[in-house]
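A.B. asks: For reference, the chains in residue letters:
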Amino acid sequence: MITLEQVKHLADLAHMELSETELKKLQKEMEQILDYISQLEEVDVSGIEPVAGGHELENVVREKDAAVSFGFDENMLLQFPEKQGDYNKVPKIIEK
Amino acid sequence: MELGKLTIKKAAKLLQEKQISAVELAKAYLEKLKQKEPELDAFLHVCEKQALAKAEEVDLKRQRREKLGFLAGIPYAVKDNILVQGMQATAGSKILEGYQASYDATVISRLKQADAVIFGKTNLDEFAMGASTEQSAFKTTKNPWDVSRVPGGSSGGSAVAVAANMSLFALGTDTGGSIRQPASFCGIVGLRPSYGAVSRHGIISLASSLDQVGCFAKTVEDAAIVFETIAGKDGFDSTVSPKAFYPGLSEKITKTLDLKKLKIGVPKEFFELGIDPDVKKLIESSIDWFMQAGAKVQEISLPHMKYSVPAYYIILPAEASANLARYDGIRYPLSKRGESDRGFREIYFKTKGRGFGPEPRRRIMIGTFCLSSGYYDAYYSRAQKVRRLIKSDFEKAFEKIDLILGPVSPYPAFRIGEKINDPVAMYLADIYTGLVNMASLNGLSLPCGFVEREGKKLPVGLQIIGKHFNEELVLATGHQFERGHAALA
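If you're matching them up, the sequences are chains Y and S in order.
Under my numbering, the residue at position 36 of the first sequence is numbered 91, and the numbers go up by one with no gaps.
Under my numbering, the residue at position 362 of the second sequence is numbered 351, and the numbers go up by one with no gaps.
Treat the hints with care, since some could be wrong.
Under the rule of at most 20 Å between Cα atoms (straight-line distance), these lysine to aspartate or glutamate pairs were calculated in the DMTMM-like manner [stated by the list, open to error]: (1) K285/S to D411/S; (2) K339/S to E97/Y; (3) K325/S to E86/S; (4) K325/S to E137/Y; (5) K83/Y to D411/S; (6) K456/S to E113/Y; (7) K408/S to E97/Y; (8) K79/Y to D411/S; (9) K16/S to E45/S; (10) K257/S to E388/S; (11) K38/S to E26/S; (12) K385/S to E258/S; (13) K380/S to E84/Y; (14) K380/S to D99/Y; (15) K295/S to E97/Y; (16) K257/S to E273/S.
Derived by calculation from the structure, the hints in this document are not laboratory data.
Predicted model, so just to flag it, every value in this text is computed and none were measured.
Given only the sequences and the hints, what does the whole structure look like? Please build it.
C.D. replies: Printed below as a string of structure tokens:
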């Protein structure tokens, strides 16, 4: 039902580096899970409106007031994997 | 001080009357915690110093006759996927090891305002994905009734913290049963509030349309006290409804409810599934108790119930795969870098590949599959339509009845290792609970008796399901049952 190639492609989409053994194990487990969830095929859903979100949302407004912002938190900076001075450092995302 | 018999209500009274101090109470519970923890593995982090400092502060405030919240001096534990400023929040995952929360979840700010005393963070299945705590990347929590069995999950650590008298109440999250099922397995009360009743701000998201924070306690009244403290609108989470307003709830639910006016529905589908015969007997005898008390009990039907778990295991992984995308090795401490320095993509792949355990991996893969081009309509969209059918089933049922009774779990606590290698068998643990989340309703799990397995008593929970935002009736009914049924036993 799901090929190893498909599993590799999905791992790629999900940005997970997995070993060949891990991928094969996932293939087996996914087949079992997909087989189980595929029973939804037998439900007639024609004309049914899909549910999006936890409940029917109402418009919520709040008083206009000065809320406490997060501000500068040393802790936030300290636990960042890479930093330079007071800045968080992220890898370059645009190649030269 | 006999901790086993203490409740929030009783402890608060003792504190108010100065029969005990908050420090004495904290010390008694901390001692119990330290004594039980090596055997039960309920906690991932214990903040003893902070707890004692807070207890001292409460005592000082009381001496000075300053205003104190109702929960002042009451010890509690928090599932490790809820943020407490300056404290770890691992969500049971290696990928968040070393992370410290920089702000309080709204539920925590409210408990701090109420002067409750936090004891620490409790164990859970990784990212709340599981029904046993065996999926935690750190340890497996044990059931206090039989340590060879699971406490249930995902909020297993919080359930055990309360069941083993390591704290007086605990917070958990319930996305598909993660509060009610461990409450049932551990013999305590667990409340999953309606979607939109409690703020999710500061909760590590699993599936945003299903997640809700709730609580574990010894009694229904205690659960109501905690719930009314944490519920209600919040500027940080606009999905909290203005209808989520529960003033004086814990008092209201103790006023005599006329059970003779109560219309109870029991879905016939609940007993057509593979339910343990001993559990079935206990649920039936609980229903009998309500009939004898004069309530009108009628059979109802939830025709799409059998599709609830499969639809849930499409919607949940889809939402989870999106929510978990942020753990990429750039923003949180765990960051795996390769030797070749191929830039950010390599950091993503290595961090996620190493940081996520088996269950998050499976769900991320299933979620990615269900949302991927060509499969979206067949899986995700179809599951959302089935969710509508499940909601409609409940709406139709609630035209004739006030609430629904049934089991929480098809079986009592299972053995450690029994289901861990069979993902689908573990998913089926949610069969009576997940549909409540799918319909955004509230559900209460409360003890209704024991079964015996291998010479050990194991508790079983009864589930009361209520209309959206009608926690009051559910809790009032639970309170009556707790008093009346216990008197019989």
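A.B. asks: Give a verdict on every hint.
C.D. replies: Consistency of the hints with the structure:
1. With a CA separation close to 40 Å, the supplied pair K285/S and D411/S exceeds the 20 Å bound.
2. The straight-line distance between the Cα atoms of K339/S and E97/Y is roughly 40 Å, outside the 20 Å bound, and the hint therefore fails.
3. Proximity of K325/S to E86/S is assessed by CA-CA distance (about 13 Å); at most 20 Å being required, the pair is judged to hold.
4. Between K325/S and E137/Y, the direct Cα distance comes to roughly 12 Å. Compliance with the 20 Å bound is thereby established for this hinted pair.
5. Between K83/Y and D411/S the alpha-carbon distance is near 11 Å, which keeps this suggested pair within the 20 Å criterion.
6. Pair hint K456/S plus E113/Y holds up; C-alpha atoms about 18 Å apart against a cutoff of 20 Å.
7. A hinted pair counts as satisfied when its Cα atoms are at most 20 Å apart, and K408/S with E97/Y does not qualify at roughly 28 Å.
8. A distance of roughly 16 Å separates the Cα atoms of K79/Y and D411/S; the hinted pair therefore holds under the 20 Å criterion.
9. Proposed proximity of K16/S and E45/S is supported: the alpha carbons are some 11 Å apart, at most 20 Å.
10. Our distance criterion of 20 Å between C-alpha atoms is met by K257/S and E388/S, whose separation comes to about 17 Å.
11. This hinted pair checks out: K38/S and E26/S have alpha carbons roughly 17 Å apart, not beyond 20 Å.
12. With a C-alpha separation of about 15 Å, the suggested pairing of K385/S with E258/S holds against the 20 Å cut-off.
13. Distance restraint check for K380/S and E84/Y: the Cα-Cα separation of roughly 30 Å exceeds the 20 Å cut-off, and the hinted pair is therefore not satisfied.
14. Restraint check for K380/S and D99/Y: satisfied, since their Cα atoms lie roughly 15 Å apart, inside the 20 Å limit.
15. For a cut-off of 20 Å, the pair hint linking K295/S to E97/Y stands: about 11 Å separates their Cα positions.
16. Distance check on the hinted pair: K257/S and E273/S sit about 12 Å apart at the alpha-carbon level, within 20 Å; holds.
Checked against the numbered hints given earlier, the structure breaks hints 1, 2, 7, 13 and satisfies all the rest.
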